[in-house]
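Input sequences plus hints: build the corresponding full structure.
2 protein chains.
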Amino acid sequence: MKKKPLILVTNDDGISAPGIRALISVMKEIGEVVVVAPDSPQSGTGHAITINSTLFLNKISQGDDTPVEYSCSGTPVDCVKFAVNEVLGRKPDLCVSGINHGSNSSINVIYSGTMSAAVEAGIEGIPAIGFSLLDYDWNADFEPVKKFVKKIALEVLENGLPEGVILNVNFPKLSEKEIKGIKVCRQAKAMWAEKFDKRTSPMGRDYYWLTGKFVNQDNGEDTDEWALKHGYISLVPVQFDLTAHHAIQNLNTWKLNDNS
Amino acid sequence: MKKKPLILVTNDDGISAPGIRALISVMKEIGEVVVVAPDSPQSGTGHAITINSTLFLNKISQGDDTPVEYSCSGTPVDCVKFAVNEVLGRKPDLCVSGINHGSNSSINVIYSGTMSAAVEAGIEGIPAIGFSLLDYDWNADFEPVKKFVKKIALEVLENGLPEGVILNVNFPKLSEKEIKGIKVCRQAKAMWAEKFDKRTSPMGRDYYWLTGKFVNQDNGEDTDEWALKHGYISLVPVQFDLTAHHAIQNLNTWKLNDNS
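Top line first, the protein sequences correspond to chains A and B.
Counting from 1, position 125 in the first sequence corresponds to residue 135 in the working numbering; the numbering is continuous, with no gaps.
Counting from 1, position 224 in the second sequence corresponds to residue 234 in the working numbering; the numbering is continuous, with no gaps.
Think of the hints as simulated: they come from the structure by calculation, not from any bench.
Do not rely on the hints blindly, as some may be mistaken.
Any copy, or any two copies together, can satisfy a pair, since identical chains are not distinguished.
Derived EDC-like pairs: lysine to aspartate or glutamate, alpha-carbon spacing no greater than 16 Å straight-line [stated by the list, open to error]:
{"#": "1", "residue 1": "Lys13", "residue 2": "Glu231"}
{"#": "2", "residue 1": "Lys208", "residue 2": "Glu96"}
{"#": "3", "residue 1": "Lys187", "residue 2": "Asp268"}
{"#": "4", "residue 1": "Lys13", "residue 2": "Glu168"}
{"#": "5", "residue 1": "Lys223", "residue 2": "Glu168"}
{"#": "6", "residue 1": "Lys160", "residue 2": "Asp268"}
{"#": "7", "residue 1": "Lys69", "residue 2": "Glu186"}
{"#": "8", "residue 1": "Lys239", "residue 2": "Asp145"}
{"#": "9", "residue 1": "Lys183", "residue 2": "Asp147"}
{"#": "10", "residue 1": "Lys161", "residue 2": "Glu79"}
And the structure:
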């Protein structure tokens, strides 16, 4: 029998979030699990790293048959860097991040701490998956998606992933029976139309809350938004080579080196 | 004569950094300038946004012939959202971010607050450029690059940019005469090999500083790293559609929907 795979688990909602607890319970069925996750919620931190401040790492005591867990004062990306360089003795076979409370489909991928943790693992050469459920509720029900989380993780362990590619998996808020299947998709073109909610503090100073409305600008039936709207789990391969290769030829026609 | 273009200026080193002051001085020569920049250094914040905390925006008094400037308590991406939704009466013709004190070439693009501000402008449909100088010194000399900043900004104002594309421009630390020209490049494949510097606080608690060594894994002569090393300014077109389109076909061969 093959050795159990070593699986790193992290998230951005913090180590005590129900979503990461659900993810840990699934990963325990298929591998040796080590958890390094933020000690507080870090939603919307994107690919932030902590370079102008100090970091703390706390080992959390668990029973003998439970995974080794560490909480970290930094961002999700810091957690992955800590895990790889300070905690794990060897490169893990898989890194899973989530399950996020709320969508990381479409343009949300770029703001998401959950996905940025997976991307960081990808940069370090570790097969990685970010999982998100379209339910922002702290008490969201993760039971219906556990079967699919396990299936996708096992596929990645078996097949590996192309170099420079990680997976962004989003689950619709549906019962297991209602879910129609898994669709490989592209990221829908979308954006947030922001609205700043202006208020006044007790000291009379104006302050703002960032709020916004998600605007899908893409009707394509091959997008993650389409899949999720139609009852499918969306699976988008994500890359961290951000070069717009298709634009290079056009830019080379510019007169950038004329001495005019 | 055409109306002066409206130019939004931001950065991640904070509104008082010499790099943004240099950028403002160049942009004043070609357009109407509005500045919305972080009130403190925000290096390494990536595409973070502030959703779990409040935001403050302060108008900074200036003389009549100087640009309108606002400092913001949030991240570089927050600054762009603030500018577009609360400060500017119309969509700007150009957003420039920087000039960053230090490199944002290669994989640094993903950690960079400077570049994330430009990416956010791109998402909002604004032609955008991030500028960085390969000198981390607060007192870095930005004079040698001003001519090139102006040239590239004018080219973008004249030609526009392909949809979904923004520019990542890095300058070598050289005199104007030593700079060989501008090269359109792709992002080099590279990573940071982290080292956590462990220390003990006066209270006896362990803490860490994140440090690391940049490792270029790419010998390609079409990369930004190659260009910078050989005396060129690197110009990389960057996209925020993170889909790894080339991986979709392969993933569709996986048995994701078998009921085994």
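Consistency of the hints with the structure:
1. Taking CA atoms no more than 16 Å apart as the test, Lys13 paired with Glu231 passes in neither setting, with 41 Å inside one copy and 41 Å between copies.
2. Taking CA atoms no more than 16 Å apart as the test, Lys208 paired with Glu96 passes between copies only; the shortest distance there is 10 Å, against 43 Å inside one copy.
3. Taking the closest pair of Cα atoms, Lys187 and Asp268 come within 16 Å of each other only across two copies (15 Å); inside a single copy the shortest separation is 63 Å, beyond that limit.
4. Taking identical chains as interchangeable, the C-alpha atoms of Lys13 and Glu168 lie at most 16 Å apart only when both belong to the same chain, with a minimum of 13 Å there against 60 Å between chains.
5. In this assembly of identical chains, the alpha carbons of Lys223 and Glu168 never lie at most 16 Å apart, being 39 Å within a copy and 32 Å across copies at closest.
6. Within a single copy, Lys160 and Asp268 get their C-alpha atoms only as close as 57 Å, which misses the 16 Å cut-off; across copies the closest is 13 Å, which meets it.
7. For the identical chains of this complex, Lys69 and Glu186 are neighbours neither inside a copy (35 Å) nor across copies (52 Å), given an alpha-carbon limit of 16 Å.
8. With identical chains, the CA atoms of Lys239 and Asp145 are at most 16 Å apart within one copy only, with a shortest distance of 13 Å there and 48 Å across copies.
9. In this assembly of identical chains, the alpha carbons of Lys183 and Asp147 lie at most 16 Å apart only when taken from the same copy (11 Å versus 50 Å across copies).
10. Proximity of Lys161 to Glu79 under the C-alpha cut-off of 16 Å is found in neither arrangement, the shortest distances being 24 Å within a copy and 52 Å between copies.
In the structure shown, a violation is registered for the earlier hints numbered 1, 5, 7 and 10, in ascending order.
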